[in-house]
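Peer 1: Protein chains in written order, with this note's numbering: chain A, 65 to 348; chain B, 65 to 348; chain C, 65 to 348; chain D, 65 to 348.
There's no promise every hint is true.
Which copy is meant is left open, so a pair is good if it fits within one copy or across any two.
Okay, derived cross-link-like pairs now, SDA-like style, lysine to any residue, Cα gap no bigger than 20 Å in a straight line [claimed, not checked]:
{"hint": "1", "residue 1": "K221", "residue 2": "K267"}
{"hint": "2", "residue 1": "K127", "residue 2": "A174"}
{"hint": "3", "residue 1": "K127", "residue 2": "F87"}
{"hint": "4", "residue 1": "K341", "residue 2": "W143"}
{"hint": "5", "residue 1": "K212", "residue 2": "E311"}
{"hint": "6", "residue 1": "K127", "residue 2": "D292"}
{"hint": "7", "residue 1": "K153", "residue 2": "E274"}
{"hint": "8", "residue 1": "K218", "residue 2": "P78"}
{"hint": "9", "residue 1": "K153", "residue 2": "N305"}
Note that these hints are calculated values from the structure, not bench results.
4 protein chains.
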Amino acid sequence: KDRARLLISCKDQPGIVAAVSNFLYEYGANIVQSDQYSIDPEGGLFFMRIEFILPDLKRQEEKLEEAFAAIGNQFRMDWRFAYAYDIKKMAIFVSREDHCLMELLWQWQAGDLVADIAVVISNHPDLGPTVEQFGIPFYHITVTKDAKNEAEQKQLKLLEEYEIDVSVLARYMQILSPTFISSQPERIINIHHSFLPAFVGAKPYERAYERGVKIIGATSHYVTDDLDEGPIIEQDVLRVNHNHNAEDLKRLGRSVERSVLARAVAWHLEDRVLIHKSKTVVFN
Amino acid sequence: KDRARLLISCKDQPGIVAAVSNFLYEYGANIVQSDQYSIDPEGGLFFMRIEFILPDLKRQEEKLEEAFAAIGNQFRMDWRFAYAYDIKKMAIFVSREDHCLMELLWQWQAGDLVADIAVVISNHPDLGPTVEQFGIPFYHITVTKDAKNEAEQKQLKLLEEYEIDVSVLARYMQILSPTFISSQPERIINIHHSFLPAFVGAKPYERAYERGVKIIGATSHYVTDDLDEGPIIEQDVLRVNHNHNAEDLKRLGRSVERSVLARAVAWHLEDRVLIHKSKTVVFN
Amino acid sequence: KDRARLLISCKDQPGIVAAVSNFLYEYGANIVQSDQYSIDPEGGLFFMRIEFILPDLKRQEEKLEEAFAAIGNQFRMDWRFAYAYDIKKMAIFVSREDHCLMELLWQWQAGDLVADIAVVISNHPDLGPTVEQFGIPFYHITVTKDAKNEAEQKQLKLLEEYEIDVSVLARYMQILSPTFISSQPERIINIHHSFLPAFVGAKPYERAYERGVKIIGATSHYVTDDLDEGPIIEQDVLRVNHNHNAEDLKRLGRSVERSVLARAVAWHLEDRVLIHKSKTVVFN
Amino acid sequence: KDRARLLISCKDQPGIVAAVSNFLYEYGANIVQSDQYSIDPEGGLFFMRIEFILPDLKRQEEKLEEAFAAIGNQFRMDWRFAYAYDIKKMAIFVSREDHCLMELLWQWQAGDLVADIAVVISNHPDLGPTVEQFGIPFYHITVTKDAKNEAEQKQLKLLEEYEIDVSVLARYMQILSPTFISSQPERIINIHHSFLPAFVGAKPYERAYERGVKIIGATSHYVTDDLDEGPIIEQDVLRVNHNHNAEDLKRLGRSVERSVLARAVAWHLEDRVLIHKSKTVVFN
């Protein structure tokens, strides 16, 4: 399809929208959706996402980007065009629990998640057969305390080999090293099984049970060096009560984890998420 | 404040956004928020709401509108500017139940609802003292089967006298005549105590109880001649179970009615609601 | 496990709880959970569900039921014991859409749905391979207008052959005949893709879109002769807006359909649902 | 009304329900509602709440309690009868923000909150006129760093004078001393304007904005010496997005704070909340 998204962030100033919409109009682009947001209308930051259709887009890509560079320079924008036909290559990291993985595979199979799921990587062999039924290569890379670095080197090699654009940690119960993370900036999405910033770290359901909360949740965020502190993409919650023990919370929480992660991944794939410092702007 | 909203609807066609944003840019307007929606990107209908700040706006109003008319004509737009300093005059109609009325008065007092609540009209005298505590004139106009027309004439006279822009039926348990409604097109907002289109008409909570639903709701909509069929502005729901009898549903439902109506009225006051046939576009 | 549930409904009257709890106490049963509900505390109907553990239960089954019959007679109860080791045999009916089927299979595989999924029946061959991957027999029975009766005879034969306790219509897009339904009283669970009683019948998402609702939903209910009028077990909803067309509603609605049906089926399997006339009492 | 609630907690053991239900049966009590919960069915803790109607209850109170003491001793229960005609005396503490106060006064006036709101105490004079319109005495007690103890002494004297059963901190922006709290054990209910344990302490909305959460919430809990760590009674949440700044979160959050606090207070007044260590069992 001749569809693309133009993503912009820059200092807010008069004339941005006029310049961009004139540009697209002159190229004959049909704007399908347009969203914008200014942190502080008078002198703050400006974010924009425009989805448009332009006949024969593939052939005009280069020319379009060259021409837009002038506007980009004028307003000192961070900008990029994302073409819908450039399907993003995705890697999924899992451990033993399959619910988040299955939700992604399923939505992908149903056509709701437009990605090329190129590879699944796990520190356990258990989910191999399941993944291979979907026709996706599965790699079991053991992660041990002593050889974590080695394991990450293998993982990074796979990401390179498969030209991965985005990695999804679908309940991958390992902490990635700063080296690994810094090599994939804003390209790793995690699901944390709590309503962050409540219950950062390990065993959130056990701690939710101990605290006696009446609502549990899940949070999908970009991974940064600070554990569970990356920019939040999506969150959701579920009502619980005194009848539910920690095991119940885990079981019930799975459905929230699944849907929160799937939404976050879909929005990333559709270039709906802009990151600004430790927060996200989500145009959905 | 020098703040206004420009509301546009027209046939979708290339160049609209460019023309409008150029126009505002040349006037030195600072766009605070901009939302748009096309029913069908290729050849359907286009809706837009732009909120902007323009220094010394009051003095430029006339010139601005005259100048914009050219663009309006070119694209055959329905368009209007709504100035934030033109506070809308509001009438509230009530019967005996006070919860929706109180929520509106309260949010108004807290500054969350920017309106001039000019008058409260009721077919019962009960809520007079409450309303007058807020310094708002209260009119008790009896409505009887035989003299409904007379009552409506009195009500319409009040709407005229107080130059009312919008009437809110805050659990006003009377059906308005087509004559009344057609004199106030797209200017009457009702709260219906069910999740429409479920339980159109009378006694929705009793019928919800009879049907054994597990969720109840409330719906705020513009009033049209077709009972409970007007364009829906907002809806919300609440979980219930077999323990709740019809009285419980009524009691619990009050909180949903209150918040749904208050949100719908706020969006109307902020010119966030565009009506298209039997539906609304809500930019919120 | 030595776990069972005792389900009771009868006219409310003094002494029921005392009699039942004495009975279980004398047998040495350990009550794990107990729920009760009276429609009208003074002279209405009484419903009770007691989950208990009784060592060596299997061997005492018969004796227990014989002994309890005395109490049952005294209070003119409808009563039954449901033993946790008597795993219910389930049939799933599907057409072409797989999301509800997959959710059930998945939760079943994860151990969250305790049933013996004995057979999947479809009027289309499409989902055969998927089902067979789970090791479950799949039967494709064509349903045509002219030979509907024949098809239902084949289906009923399968239900008999596999000794089915409960049939789940997981988006089975066929209307069952009164004959079929009356042969499976309170044993067929359906998922309707709307928030009943809104949008009874065909194409609910299209009609929700036409009506411009701001919330869509799904409803799981027991199937009766009156289309979409059977006792509701569970409902849930999802917020939508003007941006969503009918196709979007369908896509988004799938996640609600999945979770609502799975919850309803789980509650049925755990004997948490008591039917009274056109409504349910759900002890969850 | 001849209605009472019997509240029990003790070590779980066989025969409790039988003993209690026999006791009530022999007294001719009609059980309206009964809820129970065991933390660990085999050898853990047991909680029970029975609501019953007993003709001529007032005259039998003493006899009933004396007789029940035998059962209480046998099972080493913590137990108490709460009679519906013993309306609880409530004090409300406020600072300047009125939304939580108003919600309580309003639900009280509507008859949804069955309490005797005996006094409102504030560290600011602002809300005096509002409170007095409801016919409730209002006391302005200044709280300064240096004379906090003095202020608390005045407050405690009022609680004693008005024979207060429960104090509600309706956005009372002062931290109470351990002395004050220990004199009112399990009798002070607070509303915290975050989804605890996220954002313990001051300025939760500002911190929620900084963190970029997609959902905000409110928590009602019993007050203990550990700030914001007391047993949680109720929580609820609200979806927000990047468009909302800290001020918006505050404004939107008010509606969640109101409803969460009102529900928690109602459940406390109806003796639906049992405290166990740092958690609650809520029978609702």
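Peer 1: Now tell me, hint by hint, if it's right for this structure.
Peer 2: These are the hints, each one checked on the structure:
In this assembly of identical chains, the alpha carbons of K221 and K267 never lie at most 20 Å apart, being 31 Å within a copy and 45 Å across copies at closest. In the homo-oligomer, the alpha carbons of K127 and A174 never lie at most 20 Å apart, since the shortest distance is 35 Å inside one protomer and 52 Å across protomers. With identical chains, the CA atoms of K127 and F87 are at most 20 Å apart within one copy only, with a shortest distance of 13 Å there and 28 Å across copies. Taking identical chains as interchangeable, the C-alpha atoms of K341 and W143 lie at most 20 Å apart only when both belong to the same chain, with a minimum of 16 Å there against 38 Å between chains.
Taking identical chains as interchangeable, the C-alpha atoms of K212 and E311 are never at most 20 Å apart, the minima being 30 Å within one chain and 45 Å between chains. Neither within a single protomer nor between protomers do K127 and D292 lie at most 20 Å apart by alpha-carbon distance, with minima of 41 Å and 54 Å respectively. For the homomeric pair K153 and E274, neither the shortest alpha-carbon distance inside one copy (40 Å) nor that between copies (32 Å) is at most 20 Å. In this homomeric assembly, K218 and P78 never come within 20 Å of each other (Cα to Cα): the closest approach is 49 Å inside a single copy and 50 Å across copies.
For the homomeric pair K153 and N305, neither the shortest alpha-carbon distance inside one copy (41 Å) nor that between copies (28 Å) is at most 20 Å.
Hints 1, 2, 5, 6, 7, 8, 9, counting from the list given before, are not met by this structure.
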